[in-house]
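Order-wise, the sequence lines are chains F and E. Numbered according to my numbering, the first sequence spans residues 820 to 1199. Numbered according to my numbering, the second sequence spans residues 445 to 800.
Among the hints, a few may not be true.
[As the list claims (entries may be wrong)] Quick partial rundown of chain F residues pointing at chain E, CB under 8 Å, derived from the structure:
{"hint": "1", "residue": "Leu884"}
{"hint": "2", "residue": "Glu885"}
{"hint": "3", "residue": "Phe894"}
{"hint": "4", "residue": "Arg1177"}
{"hint": "5", "residue": "Gln1181"}
{"hint": "6", "residue": "Pro1182"}
{"hint": "7", "residue": "Leu1183"}
Worth flagging that the hints you see were computed from the coordinates, not collected in a lab. All of these numbers come straight from a predicted model, not from anything done at the bench. Ideal Cβ positions, reconstructed from N, Cα and C, are used throughout, including at glycine.
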Amino acid sequence: MSDTTLPASAPETLRIDYVPRPGLLRLTLVNTLLWAVTLTVYRFWARSNVRRHVWSSVHINGQPLEYTGKGSELFKGALIVFFVLFLPVGLIVAGVSAAYGPDHPAVAALQSLIFLVFSLLWGAAIFKARRYQMSRTQWRGIRGGLEGSATVYSLTYFGSLLARGITLGWSTPVMNVNLQEQMTDAMRFGDRKFRFRGRAGPLYPSYALCWFLTLFFLVAGIFLIGWITSTFQDGAIGQQISDFFELEPRSTDGNPALGYFIIAMGLLLVLTYFVFYPAVWAIYTAREIAQFANYTTFDGAQFRIDATAWSLIGLAVGNFLLLVFTLGIAQPFVLQRTVRYLCDRMTIEGAIDVDAIRQSQQPLEKTGEGLADAFDVSWF
Amino acid sequence: MVNALFFDGQTAADHHVQLQMQAGGLSFDGDGVVQQFWPFGALAAIERRAAGAPLRVASSVIPGARLVIHDNDFAARLIAQAPQLEGRTDFKAMKSAAKWTAGIAAAIAVAGYIVVQYVPEHLAFLLPDSWRTEVGLRTEASLTDGARACEGAAGVSALGVMAGRLAEAEPDLPPLKITVYDIPVMNAFAMPGERIVITRELIARAGRAEQVTGVLAHEIGHVLKRHPEAGMLRAAGLQLLISALTGGSNSTIGSAAGLAAVLRYSREAEAEADAIAVDLMTKSAVDTMAFREFFEILLKEEGKPSTGVWGGLDSALSTHPGTQERIDRIKPLPDGVTPVPVLTETQWQALRDICK
């Protein structure tokens, strides 16, 4: 025996590093080329290749993660969903709208029904995609897993959508904690469990802050528009606003103020959607990420993620610009940036007896992410 | 003999093992690991090897197990024995992708043939009449979007005479709904449910009633063969195929241009309609040369750019390609058949004034 032999089974602390590997640009270009050549069918293999690359850059105590998923598995999953779900639904909708005309109430009713069914399936899509990714992620020869029920998760997810609408968003922290708890408690690495324990209470101060800031920006925006409009035409702000909401049929030629109003409104919408809203809510998202990490343990070790609003905004702006200026081709780099962000800011406190972790006994599913691909539930 | 790390796929423990190159494979043992032998052919690289990174090796002998070799010299010697470990290009993944792509291409070809050729031609005759009527109505409304239907009473009656003349030759002809629209583009098209639209401009450009009769006979040919129905089924099928390919379910055949594209038939369909037109005209003793004259008018139009609101419609009665071929295939009436005028001069004038 050499002197490098360590005593068996010593608990060790875990350290996560992102060690970038060369070749992502080449991979991206080849993927894009093949994506075009194969009429987009290559996207499943492309996604798998990129994950393999990014996963292998994540080192835990010097050993990289390994992504073992295959493009053919994703492809088969997508095929199944197409034939089981989308083809029949498409045929039914086409048939009904052909028989009754596209404006018939039956078509609208059918579309609402489909929307409802898809909303119900959305959570399942997320859950099953996570299950696939966990089972295809390996470290030191041991793979992850996700137990638990996609149906329960999906119903909770649907419930959270409803509750969010009814409570004007105020149910979000409670429901997110609930969903995260279900997901985390179902997560496994080998035979060991992740655990999530915590309440939504500590999330509410920052939620309230973001909620009222949003309201403030909304009201301020409306007054800003009124002010801009009134600067270009005589008349009180209130008059302008009420004119608009009464929807008096005026042409923009006849009334320059309405033209300015529409331009200002459009600008405000763009700013709201791409700047104010995400920036404000980064405060809450950062808090949620950090708090969820605090609530998460693995085999006794405690997670921490040092997420801050500014760093999240930086991440989001960078990702957004990357996608916009490359027409989406740089998606692999967006994934890399996001994973790197988490790796750089994640720490694990406490020691784990790594050597004692045994292989997962959960059977491997043969196809992956069909629903998630169809719904474009694309976080990774 | 060099040191390496071994993960057995059973626990997360790392085992320090001693590696040895043997004839035909790699053998190792050590620290809680009984002697293993991995043949070179059973080895696979986990990833493209980066400079300075250890070589990570998997084997089909123990799925999930990994060997991590830090010794560069040994790694180089191993790669010389098992070149697949170089991990330069993932041929296995590419082979799999290529296999799937070929499979999909074949499946698309088969599905494409079924969707484009086989199904529409047959299904077109199985569609319920209520559906065809409904779709025809909506297609007409969409294609003639906003244009006025011309209802000059004398003109409508002249059109009836013209259609009646052709119907004499074809006892099985279903009742037609022929409408002239006040559209400033020369065109005529058939839609599902035995609907035919002729534009005011077409009538205005025609030199005599028999030319319009020729066009009408051609459209009746489409109607009899259910080409519009088949065209729509074809478009719907193609759309389904494309959405299956791209995973998206976007874009519908809603726009007039889209519909016009659907109504642009294949050359075979046009030839078929032409043949029926000549046949109908011959049986009804209508001068077939008039149909030929009309094509000559079309030939002169070719090359003129189509503009305006009706630009999309312009190509529905496309003359490209092979107008000359089509002209050549139109035979004069056989000897002994004297052409009988379709309309009286008054009726023809009434038809020309149908939009006034």
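Restraint outcome when F/Pro1182 is required to lie within 8 Å of chain E by C-beta distance: Violated, about 14 Å.
For the hint on F/Leu1183, just tell me whether its beta-carbon gets within less than 8 Å of chain E. Hint violated; F/Leu1183 Cβ to chain E Cβ min 10 Å, cut 8 Å.
Return the status of the interface hint for F/Leu884: holds when the least beta-carbon distance to chain E is below 8 Å, violated otherwise. violated (11 Å)
Proposed interface contact between F/Gln1181 and chain E, which counts if any beta carbon pair is under 8 Å: violated (13 Å)
Once the shortest beta carbon distance from F/Glu885 to chain E is found, is it less than 8 Å? holds (6 Å)
Can we keep the F/Arg1177 interface hint, with Cβ of chain E closer than 8 Å? holds (5 Å)
Quick check on F/Phe894 please, does its C-beta sit within 8 Å of some C-beta on chain E? holds (6 Å)
In summary, the numbered hints that this structure violates are 1, 5, 6 and 7.
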